[in-house]
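K.L.:
One-letter residues, chain by chain:
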Amino acid sequence: MPVLFRPASRLTKHVLLIVFGLFMLYPLLWMVSSSIKPEGLIFREPGLVPHDVTGANYSGGWHALKHSFGYYLWNSAVITVLAVVGNLVACSLAAYAFARLEFPLKKLWFTVMLLSIMLPHHVTVVPQYIMFSKIGWINTIWPIVVPKFLATDAFFIFLMVQFIRTLPRELDEAAAIDGAGHWRTFVQVILPLCVPALATTAIFTFIWTWNDFFTQNLYLTNSDNLTAPVALRQFLDASSDSSWGPMFAMSIISLGPIFGFFLAGQKYLVRGMATTGFK
Amino acid sequence: MTLRPAEAGPAAGTAEPPAAPPARRRARRPRRRKSSRARSQAWAGYLFLAPWFIGLFAITLGPMIATLYLSFNDYSMLTPPHWIGLDNYHRMFTADDRFIHSLRVTTVYVAVSVPLQLAFALGLAMALDKGLRGLPIYRSVFYLPSLLGGSVAIAILWRKIFGTDGIVNTFLGWFGYHGEGWVTSPDTALWTLIILHVWTFGAPMVIFLAGLRQIPRELYEAARVDGAGRWRQFRSITLPLLTPIIFFNAVLELIKSFQSFTQAFVVSGGNGGPVDSTLFYTLYLYIKGFKNYEMGYAAAMAWVLLLIIGALTAVNFLMSRFWVFYGDEK
Chain A
1 MPVLFRPASR LTKHVLLIVF GLFMLYPLLW MVSSSIKPEG LIFREPGLVP
51 HDVTGANYSG GWHALKHSFG YYLWNSAVIT VLAVVGNLVA CSLAAYAFAR
101 LEFPLKKLWF TVMLLSIMLP HHVTVVPQYI MFSKIGWINT IWPIVVPKFL
151 ATDAFFIFLM VQFIRTLPRE LDEAAAIDGA GHWRTFVQVI LPLCVPALAT
201 TAIFTFIWTW NDFFTQNLYL TNSDNLTAPV ALRQFLDASS DSSWGPMFAM
251 SIISLGPIFG FFLAGQKYLV RGMATTGFK
Chain B
280 MTLRPAEAGP AAGTAEPPAA PPARRRARRP RRRKSSRARS QAWAGYLFLA
330 PWFIGLFAIT LGPMIATLYL SFNDYSMLTP PHWIGLDNYH RMFTADDRFI
380 HSLRVTTVYV AVSVPLQLAF ALGLAMALDK GLRGLPIYRS VFYLPSLLGG
430 SVAIAILWRK IFGTDGIVNT FLGWFGYHGE GWVTSPDTAL WTLIILHVWT
480 FGAPMVIFLA GLRQIPRELY EAARVDGAGR WRQFRSITLP LLTPIIFFNA
530 VLELIKSFQS FTQAFVVSGG NGGPVDSTLF YTLYLYIKGF KNYEMGYAAA
580 MAWVLLLIIG ALTAVNFLMS RFWVFYGDEK
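Respectively, the protein sequence lines represent chains A and B.
With the working numbering applied, the first sequence covers 1 to 279.
With the working numbering applied, the second sequence covers 280 to 609.
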């Protein structure tokens, strides 16, 4: 009997999972379909297949604010790319020290690093804001980018420490016998083997920085400096209830890079989540 | 440099000083060499950590202490800080109804959305386990919302879906229900944010999936031989062996959800409305610090937030003794 029932129950399971998956994705799909529907049809049609396709929302939204939306996307891209570079450099340096070198008070600093992962950003943001405004960094990208070059995203240090610890020590020792110092061992031996951890770091940093609203909204207030999320928010504030079409269109464009990175880097995302999750 | 196995240990491993060897003369040379190596490593260690140290003191620890100092002051950035002792804290708990209200809103949000989210995550992880065909596709579909959920774009979408003429009301309209907008009604606005949080169950789900894979198959086989049904297997094998990961996810999501900001900010139009029903703690902190420029008060709120999160985490850890099962315990 069980043999007979199995394919059927497996099929039921697939059907249930697909229905649930569609339910989960429905808001996103609806937003995509709404963005190509003519204005006014959006809310009369909860269906996903548009009867009438138009690009008007995209061209309208693109030019709705002071600058074209591409301008804000570029601002986001600059910050995001610098943040990725900063995290890769600074976090891998710190991770190498914690994973491979012995130095006084190492345990203490390692604990401090772990604790700093848990520290809410709000506990430091007020003095940071005061400090950055005193040195004239408001409305520049530096308050967002410079901390990344100082390894303040300790989560990624931890991720890389975990990864480096799995690499055999014999590699370091062989490099030492060949006369390589710590720097060369790090650059030529450890880093090339860390590519998966570096990829995970790069993808997460990209997505988190691209999505980040709090910091960018705080430091970038001049209408020439806005990033895509902040611009979207201003769009929402400035527009009446009738211009949802263009706003959806720009929302989708702003989610595009995240979706792209997600598709390209799924393997690293899932692996990164899974290996740092516990152990 | 050739090392005998006995010496290779400490040199490659921890910095513990080697036990004093009985034969001094023989030990002297390797020891000296090791100490110079140790010194070079110490230098290198601190050099590699230099950016992190600067960040730690300038961006993290320094500001953290400055926050504590500011919390005892009246400060608006225009005039120098003015010491007022514990007044900010006192005012918070005795004279600021909005503060108490924001605590209540955040507590409801965390207490409802985190368990729900984890339940979905665990349920779906269990459904996806065991070599299901198409698993990577399902996993991606369920994981995707957790990457997008924090964005302004999704918050805008949510505001529209649950708006007065949003699709949720269109749907309900087919069944004869004609209500007001879910985000514009003070009774329901918070629930739309809770749904948004639950929607992002993919991240803990992926962690659960990895955890499920660590459970040895033989345990299930043995249980089946003993005649244990599915429910029994879940209760007696899966759940206990998964408790460390449930615990980890719970701590992580608790900390994260307590700091939720963007969704409430965008959905409410930046003020925590309607009628403060989505006034998250961090949103109120932001309003106090960066809209009203009551920075001393915001700093005090930040420290209270730290204490709350610290206390919750500590309670979590203490309670974990009673329900988290680590394999190496007997």
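Since the hints were made in silico from the structure, they are not lab data.
Heads up, the beta-carbon is just placed ideally off N, CA and C, and yes, glycines get one too.
Check before you lean on any hint, since a few could be wrong.
Which chain B residues stay away from chain A? Per the calculated CB distances, all over 10 Å, these [stated by the list, open to error]: (1) 421; (2) 438; (3) 541; (4) 545; (5) 580; (6) 604.
Covered by chain B, according to a simulated footprint, are these stretches of chain A (three or more residues, beta-carbon under 8 Å) [said to hold, decoys possible]: (7) 69 to 76; (8) 137 to 143.
Distance condition first, Cα-Cα at most 27 Å in a straight line; then the derived BS3-like pairs of lysine-lysine [stated by the list, open to error]: (9) 535(B) to 570(B); (10) 267(A) to 570(B); (11) 134(A) to 535(B); (12) 267(A) to 106(A); (13) 570(B) to 66(A); (14) 570(B) to 13(A); (15) 570(B) to 107(A).
K.L.:
Now tell me if each hint is right for this structure.
P.N.:
So, going through the hints one by one against the coordinates:
1. The beta carbon of residue 421(B) sits about 6 Å from the closest Cβ of chain A, which is not more than 10 Å, so the claim that it is off the interface is violated.
2. At the 10 Å boundary, the C-beta of residue 438(B) falls inside the reach of chain A, the nearest C-beta of that chain being 8 Å off.
3. Annotated as non-interface, residue 541(B) brings its C-beta within 10 Å of a C-beta of chain A; the closest such distance is 4 Å.
4. Residue 545(B), annotated as away from the interface, has a beta carbon of chain A within 10 Å; the closest lies near 6 Å.
5. For residue 580(B), the shortest C-beta to C-beta distance to chain A comes to about 8 Å, within the 10 Å cut-off, and the non-interface label is violated.
6. In this structure residue 604(B) is separated from chain A by more than 10 Å, as the shortest Cβ-Cβ distance comes to about 13 Å.
7. Under the rule that three or more residues need a Cβ within less than 8 Å of chain B, the assignment of the segment 69 to 76 of chain A is violated, with 0 such residues.
8. Check result for the segment 137 to 143 of chain A against chain B: violated, 0 residues qualifying (beta carbon to beta carbon below 8 Å, three or more required).
9. A threshold of 27 Å between alpha carbons decides the hint, and for residue 535(B) with residue 570(B) the separation of about 24 Å falls inside it, so the pair holds.
10. Taken as a hint, the residue 267(A) and residue 570(B) pair is broken in the structure, with Cα atoms around 42 Å apart against an allowance of 27 Å.
11. Of the pairs offered as hints, the one joining residue 134(A) and residue 535(B) is violated, with about 30 Å between alpha carbons and a cut-off of 27 Å exceeded.
12. Between residue 267(A) and residue 106(A), the direct Cα distance comes to roughly 32 Å. Violation of the 27 Å bound is thereby established for this hinted pair.
13. For the proposed pair residue 570(B) and residue 66(A), the alpha carbon gap of about 24 Å is at most 27 Å, so the pair holds.
14. A hinted pair counts as satisfied when its Cα atoms are at most 27 Å apart, and residue 570(B) with residue 13(A) does not qualify at roughly 51 Å.
15. Distance hint between residue 570(B) and residue 107(A) is unfulfilled; the C-alpha atoms sit about 41 Å from each other, more than 27 Å.
Hint compliance for this structure: hints 1, 2, 3, 4, 5, 7, 8, 10, 11, 12, 14 and 15 are not met, and every other hint is.
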